[in-house]
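For the record, the sequence lines run as chains H and S. Residues in the first sequence are numbered consecutively from 1, following my numbering. Residues in the second sequence are numbered consecutively from 117, following my numbering.
Everything labelled a hint here was simulated from the structure, so no lab data went into it. Any given hint could turn out to be false.
[What the hints assert, rightly or not] In silico SDA-like links for lysine to any residue, alpha-carbon gap of 20 Å or less:
id, chain 1, residue 1, chain 2, residue 2
1, S, Lys171, H, Glu104
2, H, Lys57, S, Ser158
3, H, Lys71, H, Glu52
4, H, Lys11, S, Arg159
5, S, Lys171, S, Asn183
6, H, Lys11, S, Pro157
7, S, Lys225, S, Glu126
8, H, Lys57, S, Pro157
9, H, Lys11, S, Ala169
10, S, Lys225, H, Glu104
11, H, Lys57, S, Thr213
12, S, Lys189, S, Ala169
13, H, Lys57, S, Gln118
[As the list claims (entries may be wrong)] Covered stretches of chain S, going by a simulated chain H footprint (3 or more residues, C-beta under 8 Å):
id, region
14, 160-167
15, 216-223
Predicted, not measured: the structure shown is a model, and the values here were computed from it. Every residue gets a Cβ at the ideal spot worked out from N, C-alpha and C, and that includes glycine.
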Amino acid sequence: DTGVSQDPRHKITKRGQNVTFRCDPISEHNRLYWYRQTLGQGPEFLTYFQNEAQLEKSRLLSDRFSAERPKGSFSTLEIQRTEQGDSAMYLCASSQAQGVAYNEQFFGPGTRLTVL
Amino acid sequence: AQTVTQSQPEMSVQEAETVTLSCTYDTSESDYYLFWYKQPPSRQMILVIRQEAYKQQNATENRFSVNFQKAAKSFSLKISDSQLGDAAMYFCAFSGTYKYIFGTGTRLKVLA
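Just chain H, with the same shape it has in the complex:
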């Protein structure tokens, strides 16, 4: 296992288009997180899954955003009707719910979204 992977790494889209990002967590991790990072800022929490259940959504996650984690494996983050303000790096992370590495999140490389 080589860690958390995200696809695509870069996405350029026109305003109003829909985009979908994928995250594959570390296989034994049952917790998965999405964060958004804008230039010069730290990552901001968007949403959290434990297995397939989405347990928290940030107020940053407007109705245009939806995330899923079918069968508790990979996750997708979809943005509908993209706006220029959605341009950011979208980070995925995963962690174990228990054990020595409890609460330690492992991050993927991110998907950089540019909305023209």
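Let chain H serve as the given structure and place chain S on it in line with the hints.
What follows is chain S alone, placed relative to chain H:
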């Protein structure tokens, strides 16, 4: 709500010297975790060091150590014998049960 503050947007250190990055946080919780993550340019974030709030002993990982002052809600990172590969953005993060709250980061430059 929890907050994390990193007051140093940028720091510089000479190679082989020591540098300390500052972080303060605010929380009403008594049990939590603190982390320092490193984000090299165009590369993914990796964990540098972690501290459990219930542990009084400061965490150390090779050249990296922390000064955890729970009463003052301070969590600074000391990097000893700085290397060129240490150049990166460093983020301080707070966690209660699961999600992280990050600071705005400190850009560390290492001068040869």
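Taking the hints in turn, this is what the structure says about them:
1. For the hint linking lysine 171 of chain S to glutamate 104 of chain H, the alpha-carbon distance of about 16 Å falls within 20 Å, and the restraint holds.
2. Proposed proximity of lysine 57 of chain H and serine 158 of chain S is contradicted: the alpha carbons are some 27 Å apart, above 20 Å.
3. Distance hint between lysine 71 of chain H and glutamate 52 of chain H is fulfilled; the C-alpha atoms sit about 6 Å from each other, no more than 20 Å.
4. Restraint check for lysine 11 of chain H and arginine 159 of chain S: the C-alpha separation of about 17 Å stays at or below 20 Å, so the hint holds.
5. Note on lysine 171 of chain S and asparagine 183 of chain S: the hinted pairing holds, with a Cα-Cα distance of about 12 Å set against a maximum of 20 Å.
6. Restraint check for lysine 11 of chain H and proline 157 of chain S: satisfied, since their Cα atoms lie roughly 18 Å apart, inside the 20 Å limit.
7. Annotation: proposed proximity of lysine 225 of chain S to glutamate 126 of chain S holds, straight-line Cα distance about 8 Å (limit 20 Å).
8. A distance of roughly 29 Å separates the Cα atoms of lysine 57 of chain H and proline 157 of chain S; the hinted pair therefore is violated under the 20 Å criterion.
9. Between the alpha carbons of lysine 11 of chain H and alanine 169 of chain S the distance comes to roughly 39 Å, so the proposed pair goes past 20 Å and is violated.
10. Proximity of lysine 225 of chain S to glutamate 104 of chain H is assessed by CA-CA distance (about 26 Å); at most 20 Å being required, the pair is judged violated.
11. Simply put, lysine 57 of chain H and threonine 213 of chain S have alpha-carbon atoms about 15 Å apart, close enough for the 20 Å limit, and the pair holds.
12. For the proposed pair lysine 189 of chain S and alanine 169 of chain S, the alpha carbon gap of about 10 Å is at most 20 Å, so the pair holds.
13. Distance hint between lysine 57 of chain H and glutamine 118 of chain S is fulfilled; the C-alpha atoms sit about 16 Å from each other, no more than 20 Å.
14. Requiring three or more residues with a Cβ within less than 8 Å of a Cβ of chain H, the coverage given for the region 160-167 of chain S holds, as 5 such residues are present.
15. Counting residues of the region 216-223 of chain S whose CB lies closer than 8 Å to any CB of chain H gives 6, so the stated coverage by that chain holds, three being the minimum.
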